[in-house]
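Visitor: If you want the building blocks of each chain, they are given just below.
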Amino acid sequence: MLPEGYDTVETTVRAVLRDVLGLSAERVAGFTATTPLFGALPELDSMAVASVLTEIEDRLGILIEDDEVDGDMLETFGALVEFAASKALV
Amino acid sequence: MAPRIDHYDWPGGREAMLRFGPDDGPLAVVALPMFEEGNRTRTFVVTLLRALAERGIGSVLPDVPGQGESITPLAGLTLLRMATALEAITDRCFDDGRRTYAVGIRSGALLDGCALHSGRWHLAPQTGADLLRDLHRTWRAASHSGDQTMMMAGGDPVEIAGNLLPSDLLLSMSAATPSDQPGIPRRVVRLASDPAAADRHVDAAPLWRRSEPGNDAALAALLAEDIAGWIAACEA
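Keeping their order, the protein sequence lines are chains A and W.
The numbering used here numbers the first residue of the first sequence as 144 and each following residue consecutively.
The numbering used here numbers the first residue of the second sequence as 177 and each following residue consecutively.
Treat the hints with care, as some may be off.
What the hints assert, rightly or not - So the derived label-pair ranges between C-beta atoms look like this: (1) A:Pro185 with W:Met326: 28 to 36 Å; (2) A:Glu186 with W:His183: 33 to 41 Å; (3) W:Gly189 with A:Gly173: 49 to 57 Å; (4) W:Gly322 with A:Gly214: 47 to 55 Å; (5) A:Leu206 with W:Asp267: 37 to 45 Å; (6) W:Leu292 with A:Leu206: 31 to 39 Å.
Claimed, not checked - Calculated Cβ distances over 12 Å to all of chain W for the following chain A residues: (7) Gly148; (8) Thr155; (9) Ala176; (10) Glu225.
As the list claims (entries may be wrong) - Rough simulated footprint, nothing fancy, chain A against chain W, three-plus residues with beta-carbon under 8 Å: (11) 316-327; (12) 377-387.
Hints in this document: simulated from the structure, not taken from any laboratory.
Every value quoted in this text rests on a predicted model; they were computed, and no experiment measured them.
Beta carbons are placed, not taken as given, at the ideal position from N, Cα and C, and that holds for glycine.
Build the full structure now, drawing on both the sequences and the hints.
Guide: Here it is, written out as structure tokens:
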């Protein structure tokens with residue numbers, strides 16, 4: 144896995160959370176790998192999850208299958224980035 | 177000048193529309209995205225059309241049958257019937273000697289294929305398959321399970337985010353693509369974050385993905401400038 148590719152995916156996921164959930168740039172800049180997402184961010188309800196995933200798909204040019212979507216990938220910022228990277232960096 | 181409330185007639189009834197800008201010259205016929213994205217972008221698009229009017233270009237923002245404030249039931253509607261309704265606006269303009277240009281936002285770009293527009297300007301156009309994918313994901317987010325075929329199976333309307341969508345309408349989406357006719361100018365503008373092909377990429381956030389409706393006056397001004405310049409070039 145290329146570190147610079149991973150950085151791009153992380154930047155993209157951060158930008159998607161900012162744009163889709165309407166979070167401030169400062170707030171998403173503070174996200175680390177262990178920052179909890181689903182269940183911890185009130186903005187991230189199940190409808191917003193659908194928008195976040197679709198926007199990540201569009202920006203990274205990937206397809207996320209419905210059976211791949213589970214609670215684990217949305218638990219933390221790090222888990223979501225890792226999942227997106229596993230799809231984008233192959 | 178404040179927008180004026182007008183209406184248009186189509187074979188299935190009468191719908192309301194907002195009218196902006198001068199009563200002569202080329203007219204932009206604007207189609208909002210369908211369903212939830214339409215609610216999220218309406219305020220922004222009104223800002224855009226006011227900015228377009230300031231640049232001397234008139235426009236209309238019609239309620240598509242079954243969308244917005246329209247009381248036409250979704251049952252019996254397909255993309256083609258919606259596009260046929262919007263065609264009536266262009267036909268009326270022809271009677272008045274005005275040419276029309278389509279302005280399609282997201283899935284609104286799927287609704288301008290019937291009218292004889294002099295050109296089409298699309299913002300982040302979405303294919304019917306992409307729209308269906310979004311709807312399916314929203315359907316699944318409401319604790320349903322199954323693939324798209326299961327969602328549409330049975331012939332009964334499917335409730336998605338408060339809309340009762342007839343299966344004929346969903347089926348009509350699967351193969352739909354934004355209209356691009358040979359010899360008719362088309363311009364595609366996308367956001368910088370969207371890697372898909374476009375004539376121009378602009379740096380902005382996708383308002384249509386936000387659950388809290390937002391506005392972006394700077395983007396509205398920038399896009400109004402783009403549309404006005406493009407229509408002027410088409411008319412030259």
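Visitor: Does the beta carbon distance between A:Leu206 and W:Asp267 stay inside 37 to 45 Å, or does it fall outside?
Guide: Given a distance of about 40 Å, which is inside 37 to 45 Å, the answer is holds.
Visitor: Taking the Cβ atom of W:Leu292 and the Cβ atom of A:Leu206, is their distance within the range 31 to 39 Å?
Guide: holds (36 Å)
Visitor: Closer than 8 Å Cβ to Cβ for three or more residues is the test here. Does the stretch 377-387 of chain W pass it with chain A?
Guide: Since 5 is at least three, the answer is holds.
Visitor: At the C-beta level, are W:Gly189 and A:Gly173 separated by a distance inside 49 to 57 Å?
Guide: holds (52 Å)
Visitor: According to a criterion of three or more residues whose C-beta lies within less than 8 Å of a C-beta of chain A, is the stretch 316-327 of chain W covered?
Guide: Contact hint for the stretch 316-327 of chain W vs chain A: holds, 4 residues under 8 Å.
Visitor: Are all beta-carbon distances from A:Gly148 to chain W longer than 12 Å?
Guide: holds (14 Å)
Visitor: Lying within 47 to 55 Å: is that true of the beta-carbon distance W:Gly322 to A:Gly214?
Guide: violated (19 Å)
Visitor: Can you tell me whether the CB distance of A:Glu186 to W:His183 sits inside 33 to 41 Å?
Guide: holds (38 Å)
Visitor: Confirm or reject the statement that A:Thr155 sits farther than 12 Å, beta carbon to beta carbon, from all of chain W.
Guide: violated (8 Å)
Visitor: With d taken as the least Cβ-Cβ distance between A:Ala176 and chain W, does d exceed 12 Å?
Guide: holds (22 Å)
Visitor: Say whether it holds or is violated: A:Glu225 keeps its Cβ farther than 12 Å from all Cβ of chain W.
Guide: Since the minimum Cβ distance to chain W is about 21 Å, A:Glu225 lies beyond 12 Å and the statement holds.
Visitor: Taking 28 to 36 Å as the hint, is the beta-carbon distance of A:Pro185 and W:Met326 inside that range?
Guide: This hint holds: roughly 31 Å between Cβ atoms.
Hint compliance for this structure: hints 4, 8 are broken, all remaining hints hold.
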